[in-house]
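Construct the entire structure; sequences and hints are all you get.
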Amino acid sequence: MIAFVTRRLLLGLVTVWLISMLSFAIIQLPPGDFVDAYIAQLSASGSTVSAEEAAAMRQLYGLGQPIYVQYGKWIFRVVQGDFGESMEWRRPVTEVIGDRIWLTLLLSFSALIITWGLALPIGIYSAVKQYSFGDYAFTLFGFIGIAVPNFLLALIVMYFSFTLLDANVGGLFSADYLLAGWSLGKVWDLMKHLPLPAVILALGGTAQLIRIMRANLLDELRKPYVVTARAKGVAERKVILKYPVRAALNPFASNIAYLFPYLVSGSIIVSIVLGLPTVGPLLVKALIAKDMFLAGTIVLLLGVMTVIGTFISDLVLMWVEPRLRHQMD
Amino acid sequence: MVEPILSVRGLQTRFFGTEGTVRAVDGVDFDVYEGRTLGVVGESGCGKSVTARSVLGIVDRPGKVVGGEAWLTRADGSRVDLFRLPEADMRKVRGREIALVFQEPMASFSQHYTIGNQIAESILLHMGVDEAAARKRAIELLDMVGVPQPDRRVDEYPFQLSGGLRQRVMIAMALACDPRVLIADEPTTALDVTTQAQILDLLRHLQQQRGLAIILITHDMGVIAEMAHDVAVMYLGRAVETGPVADIFARPQHPYTRALLRSIPTVMAKPRTRLPTIAGSIPHPFNRPQGCAFNPRCSESLGAVCAAHEPPAVTADGHEVRCFIHGGQP
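Chain order of the listed sequences is W and R. Counted from 1, the first sequence has number 117 at position 117 by this note's numbering; the numbering is strictly sequential. Counted from 1, the second sequence has number 1225 at position 225 by this note's numbering; the numbering is strictly sequential.
Rather than coming from a laboratory, the hints here were simulated on the basis of the structure. These numbers come from a predicted model, not from an experiment. Among the hints, a few may not be true.
[To be verified] Heads up, simulated PhoX-like pairs for lysine-lysine below, C-alpha to C-alpha not over 20 Å straight-line:
#: 1; chain 1: W; residue 1: K129; chain 2: W; residue 2: K238
#: 2; chain 1: W; residue 1: K238; chain 2: W; residue 2: K223
#: 3; chain 1: W; residue 1: K129; chain 2: R; residue 2: K1064
#: 4; chain 1: W; residue 1: K242; chain 2: R; residue 2: K1092
#: 5; chain 1: W; residue 1: K223; chain 2: R; residue 2: K1136
#: 6; chain 1: W; residue 1: K242; chain 2: W; residue 2: K129
#: 7; chain 1: W; residue 1: K223; chain 2: W; residue 2: K129
#: 8; chain 1: W; residue 1: K238; chain 2: R; residue 2: K1092
#: 9; chain 1: W; residue 1: K192; chain 2: W; residue 2: K223
The following block contains the structure:
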């Protein structure tokens, strides 16, 4: 088992390395570089950049060099913990991303908890009471949840909370705390703002997981071991929770892997709509401006999180599935 | 006259599907006595397993017991009708007084818990002991059914055991709370012949030791001959012939029983002769034939009377049979 974990960790490192190369290459793919985008932006506002100035900037960022040299220099510094300087913001990348990465993680994690907290009991209910009124109601809700893009949901929620409740639901902080340093008051303010975007982000995934849980559990409920448990005189509620639900949890565990990056990348549009200070909007801006170091760092971070998510999901799966554990020995 | 531990009368179980109602069990009577084995035999789909589940009240939806009585004589001598027992009391019967052993030992165990956990579950539920005592008893039970190294095996998962061991563990689990009736639903069907013989030996041994009443459900006449004291032959949800095993084998009265017995291969037969089979196939449960259900396949059919009326139970040559060739008024 230790061998398995070590192997997975090493493979994860290789994956991250490949992701870093790929992301660096993809960011370079569109024609032009940061200086071109910068000149275009400035000329749109009426000012110009001289040829010497442009050349100096390219020199500064090393943009004239072949791509593999640029990548080599970049990755060499990244390994040392230096992610470079954002060209657009003219500040170190770590500073630009700053708290955003933690807020993104917090938001994603909250959404994940809500997804599970809702999908698990509703999925169980829908399967046990198949074809009941409640099952149909949740099925309807589920299909709406899958069909409606969550940024649209965000817009609707914003509209109604603004018109009906006269409340502005954008952002994760109120104006008073936006620029203030961290304090208890700011944390409390964050806690008050967190639930709504978390619920909006969670809804799509919840609807999907309900369907998955229901289908899995319906399969498991017909298995002979359920009859065995009943024949032992175990109460019905315990029969279902101990045996078929346990078996239906497997796909839940393997779902963490793909749910995790989805919550990060899927939150981009919602974050823009709701004005959330997460990394999503930052990535979009960095890509438009061809701000290589910033975009590269964010894509790399997303890659690392995906790899970690997959790793965690493997560990959880091993924990819930004895058969897997014993195959390894 | 010894009183039966379990006495079932007129059991009717129906499945209310969207395409119609299936009479899976349609008026079955049988008695089970202490220390004796009742063999229930019949083709697939004749209602054997549903009968077993009906007695325990664990028929899956949309199935439902709609009629009949099942009188259980409890340890203290009182008699209760299982079909009129509240669910909470019924749970105390399941696993405690009547236990089940299933056909597929692999599928009938959860793969997510150790065998010790699954055996101890009913002990904890019915015996009012703590976990350490339940575990100790689980190990004793494993030892009793002949599982080697029980103190190590108790912490293993079902998928780590061989098929034969799994079925032994299944029997240990069923006997965990000293039930007085054991229903074994095709306990050896999924096993190879050698293991089959071992499991049957084990069941017989446990029966002698504890005076267990066993209901042995099988489609295998060989198993019946080896194990049963009494036999109920089932066809399409009815017991068509019941009686002591020697009588049934020596003097079968129902044409269906005779046909079943003829279709057993024997080493005495002339080589390269065709084994007799029963003509036709079991009718679909929705299209249950009018009158005697076996009539369309029967080689001894009397014609109109069999096609029109259901034969009542009559006594022929010392045991009960439902067939007009032995008389009985339509």
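In ascending order, which of the hints set out earlier in this document are inconsistent with the structure?
Going through the list in order, the structure violates hints 5 and 9 and respects the others.
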